[in-house]
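J.: We have chain A; now place chain B onto it with these hints.
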Amino acid sequence: MSVLRTPVLKIAPPYDDDLIRRIEQGFSDRFKTDVCFEVNEDPSLLCGFVAYVNGMVFDASGKTRLTDIKEYLIDSVLVPPTEKEEDDF
Amino acid sequence: MKMRKDISREKLSDFLREKVGAFEFKSSVYYYGIVQSTRDDVVWINGLTGCHYGEILQFEKNVYGLALDLSEDSIGAVLLTAEADVVAGSLVRGTGKVADVCIGDTVLGRVIDPFGRPLDGMPLSAINTRALEQRSPSIIERAPVKRPLETGILAIDSMIPIGRGQRELIIGNRQTGKTSIALAAIRNQVPDDVICIYCAIGQKSATTARIIHELTESGHMENTIVVSSSASDRPAMQYLTPFAGCAIAESFMYKGRDVLIVYDDLSRHAVAYRTMSLLLERPAGREAYPGDIFYLHSRLLERSAQLSPDLGGGSMTALPIVETVGGDISAYIPTNIISITDGQIYLSSDLFFAGMRPAINLGLSVSRIGSNAQRDAIKWIGGRLRLALSQYRELAVFSQFGTKIDAATTQQIHRGERMQEVLKQAQDETYLVSEEAVLLLAISHGVFFGMELSEISQARKELLKYIRKVHPGSLHAIESTGDLSKEEMDTLKKAMDAFLEEYNHAGE
Chain A
1 MSVLRTPVLK
11 IAPPYDDDLI
21 RRIEQGFSDR
31 FKTDVCFEVN
41 EDPSLLCGFV
51 AYVNGMVFDA
61 SGKTRLTDIK
71 EYLIDSVLVP
81 PTEKEEDDF
Chain B
90 MKMRKDISRE
100 KLSDFLREKV
110 GAFEFKSSVY
120 YYGIVQSTRD
130 DVVWINGLTG
140 CHYGEILQFE
150 KNVYGLALDL
160 SEDSIGAVLL
170 TAEADVVAGS
180 LVRGTGKVAD
190 VCIGDTVLGR
200 VIDPFGRPLD
210 GMPLSAINTR
220 ALEQRSPSII
230 ERAPVKRPLE
240 TGILAIDSMI
250 PIGRGQRELI
260 IGNRQTGKTS
270 IALAAIRNQV
280 PDDVICIYCA
290 IGQKSATTAR
300 IIHELTESGH
310 MENTIVVSSS
320 ASDRPAMQYL
330 TPFAGCAIAE
340 SFMYKGRDVL
350 IVYDDLSRHA
360 VAYRTMSLLL
370 ERPAGREAYP
380 GDIFYLHSRL
390 LERSAQLSPD
400 LGGGSMTALP
410 IVETVGGDIS
420 AYIPTNIISI
430 TDGQIYLSSD
440 LFFAGMRPAI
450 NLGLSVSRIG
460 SNAQRDAIKW
470 IGGRLRLALS
480 QYRELAVFSQ
490 FGTKIDAATT
500 QQIHRGERMQ
510 EVLKQAQDET
520 YLVSEEAVLL
530 LAISHGVFFG
540 MELSEISQAR
550 KELLKYIRKV
560 HPGSLHAIES
570 TGDLSKEEMD
580 TLKKAMDAFL
590 EEYNHAGE
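Those protein sequence lines, which keep their order, are chains A and B. According to the numbering used here, the first sequence is numbered sequentially starting from 1. According to the numbering used here, the second sequence is numbered sequentially starting from 90.
Isolated chain A (complex conformation) (with noise of 0.2 Å):
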């Protein structure tokens, strides 16, 4: 069930030439075939990129590694603290 033909590649500016073919080489090596990349470029991400290959999602950009952080430190906050947190405060 392929759900993308071509790969997609997002990723955040800046880039180049090099760097788009080094995540290639790295997904080609993995998958074992050829890839090459769709390349959208996409600010929003912040930095880094995101890579829809296969019908998988690879996502490294800095846009869901701070949406990560955000949760797990409302997580955080929310869990009540350990009795050393309140002596410490």
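For the record, the hints were derived by calculation from the structure and aren't laboratory data. Ideal Cβ placement from N, Cα and C applies to all residues, glycine included. Each hint should be verified, as a subset may be incorrect.
[Unchecked claim] Within a straight-line C-alpha distance of at most 20 Å, the following computed SDA-like cross-link-like pairs (lysine to any residue) qualify: (1) A:LYS70 / B:ARG106; (2) B:LYS115 / A:VAL57; (3) A:LYS63 / B:LYS108; (4) B:LYS513 / B:ILE494; (5) A:LYS63 / B:THR184; (6) B:LYS582 / B:VAL559; (7) A:LYS70 / B:VAL152; (8) A:LYS63 / B:LEU180; (9) B:LYS150 / A:ASN54; (10) B:LYS108 / A:THR67; (11) A:LYS63 / B:VAL152; (12) B:LYS150 / A:LEU46; (13) B:LYS513 / B:GLY539; (14) B:LYS115 / A:LEU66; (15) A:LYS70 / B:ALA111; (16) A:LYS63 / B:GLY110; (17) B:LYS513 / B:GLN264; (18) B:LYS115 / A:VAL35.
[Unchecked claim] If you want the ones that stay clear, here's a sample from chain A, every Cβ over 10 Å from chain B, calculated: (19) ARG21; (20) ARG22; (21) LEU46; (22) GLY55; (23) THR64; (24) SER76.
T.: Just chain B now, with coordinates in the frame of chain A:
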């Protein structure tokens, strides 16, 4: 959690640094799919290799769905929230998780949706979660139902007793007092003894708010969890509501606690599941319900149990509610659930409009295993009362034809009317076991037989007041032992004779 106003900037920054330092980056690799088409809360998806049945799917803009149809070339999912943001071509992500709900003591006293999100406007800090779908306890993990769960309703506790771990259906037309019985059972539980869970499935929000208000006012909300999906929620949310309540109940049961869970009601649950199934293009069967509608309810109700002592001896007692149309208990869903449960309390519209509250039709009501759990003080008298009332109702119907009736039959009808009158109970009135035993003894001793029907309600209250004043020790003994000894019975009978004399004297 206390609010801290004296936190310095340095301490807050240290706290954040420590937390962020402890954060572990996880690789964000997941399968994705593309929305093929969407209509009426159902989305067909292309892709998503490795998606599991019941997996939560994440659409763009934080819209969530539930994968319920896995076929070779596409996946059918039902949306759990608004569908406006899901369009053909948008991306879908598999979360790898099945639906779960937060559990633990922090959920007590709260109103939550099937995913454990608070609906009462307060933050909820639950740490543990439990998957909504679980296997039911096996045969070896169960123990016989032997402990009573009193509802405080005389007619039920004496003639249709419920045991801890039993599944007792409450069935009847609309507006016959089904929810009132379930709420009375919740109000009758001692907070440290039984945890109560009320699942409002597709109810009007105003109705749920009224029930929460009632429980709060009576001080029982602290011990109760309300899992709610309103009539305006998506069918998928209504479908998940009883499973969420059941998962929470199980978590307490496996900790050795006793839980009472009310599913209000499973007719609406069946309708929500039918809606989903028809939209997913599954074959329709009788009354357009899908073929697995029986399994839907049997797998839910089978999770109620009395666990063996090895597993802590906890229990989950279920009171599912089913609404009938025109009193037809032979419709598809009522017959299914009657066959799954361990008995039913049938509420009749005719009795309700004749002023009988609770409007329990004893002829069609039964408790298949509850009598094993009934307290001895009530068991002995309750069995005879049921027979006497059944005979009275038969004779009462016969006497309506204007036939000439002999003196013995007239007397039996006269007594039956009074017995029925004693069983009438206001919506907010519940009895202790000792009070129920006294009233049953009073019926068998004929205390009310010489009274006018209009007097009985008041006489019943005065009798209990009198016994409480004269023989508090007897009531205490019944409460602690659950039994009524021959000596106590004779003492109480003498006290009842004295009460009757005093009552008649006051009447003159």
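J.: Take the hints in turn and mark each one as holding or not.
T.: So, going through the hints one by one against the coordinates:
Of the supplied pair hints, the one linking LYS70 (chain A) and ARG106 (chain B) holds, its CA atoms being roughly 13 Å apart against a limit of 20 Å. Pair hint LYS115 (chain B) plus VAL57 (chain A) holds up; C-alpha atoms about 14 Å apart against a cutoff of 20 Å. Among the hinted pairs, LYS63 (chain A) with LYS108 (chain B) is consistent with the structure: their alpha-carbon atoms are about 19 Å apart, no more than 20 Å. Only pairs whose Cα atoms come within 20 Å are accepted, and LYS513 (chain B) paired with ILE494 (chain B) is rejected, the gap being roughly 27 Å.
Using a Cα cut-off of 20 Å, the hinted pair LYS63 (chain A) and THR184 (chain B) holds, with the two alpha carbons roughly 18 Å apart. For the hint pairing LYS582 (chain B) with VAL559 (chain B), the CA-to-CA distance comes to about 12 Å; that is within 20 Å, so the pair holds. For a cut-off of 20 Å, the pair hint linking LYS70 (chain A) to VAL152 (chain B) stands: about 19 Å separates their Cα positions. For the given pair, LYS63 (chain A) sits about 17 Å from LEU180 (chain B) by alpha-carbon distance, which is consistent with the 20 Å threshold.
Note on LYS150 (chain B) and ASN54 (chain A): the hinted pairing is violated, with a Cα-Cα distance of about 23 Å set against a maximum of 20 Å. Restraint check: the Cα-Cα separation between LYS108 (chain B) and THR67 (chain A) comes to about 15 Å, which is no more than 20 Å; the hinted pair holds. A C-alpha spacing of about 19 Å is found between LYS63 (chain A) and VAL152 (chain B), which places the hinted pair at or below 20 Å, so the restraint holds. For the given pair, LYS150 (chain B) sits about 18 Å from LEU46 (chain A) by alpha-carbon distance, which is consistent with the 20 Å threshold.
As the CA atoms of LYS513 (chain B) and GLY539 (chain B) are separated by approximately 18 Å, the hinted pair is consistent with the 20 Å bound. Straight-line distance between C-alpha atoms of LYS115 (chain B) and LEU66 (chain A) comes to about 12 Å, which keeps the hinted pair within the 20 Å bound. For a cut-off of 20 Å, the pair hint linking LYS70 (chain A) to ALA111 (chain B) stands: about 13 Å separates their Cα positions. Distance hint between LYS63 (chain A) and GLY110 (chain B) is fulfilled; the C-alpha atoms sit about 18 Å from each other, no more than 20 Å.
Restraint check for LYS513 (chain B) and GLN264 (chain B): satisfied, since their Cα atoms lie roughly 17 Å apart, inside the 20 Å limit. For a cut-off of 20 Å, the pair hint linking LYS115 (chain B) to VAL35 (chain A) is broken: about 24 Å separates their Cα positions. Distance check for ARG21 (chain A) against chain B: the nearest CB is about 21 Å away, which clears 10 Å, and the non-interface claim stands. Once the 10 Å rule is applied to beta carbons, ARG22 (chain A) is consistent with being away from chain B; the minimum gap is 18 Å.
Non-interface status of LEU46 (chain A) relative to chain B is upheld: no Cβ of that chain comes within 10 Å, the nearest being about 14 Å off. Look at GLY55 (chain A): its CB is around 5 Å from the nearest CB on chain B, not clear of 10 Å, so calling it non-interface is violated. Interface exclusion of THR64 (chain A) from chain B breaks down, the closest Cβ pair being 6 Å apart, not more than 10 Å. With a cut of 10 Å on Cβ distances, SER76 (chain A) falls inside the contact zone with chain B, its closest approach being about 5 Å.
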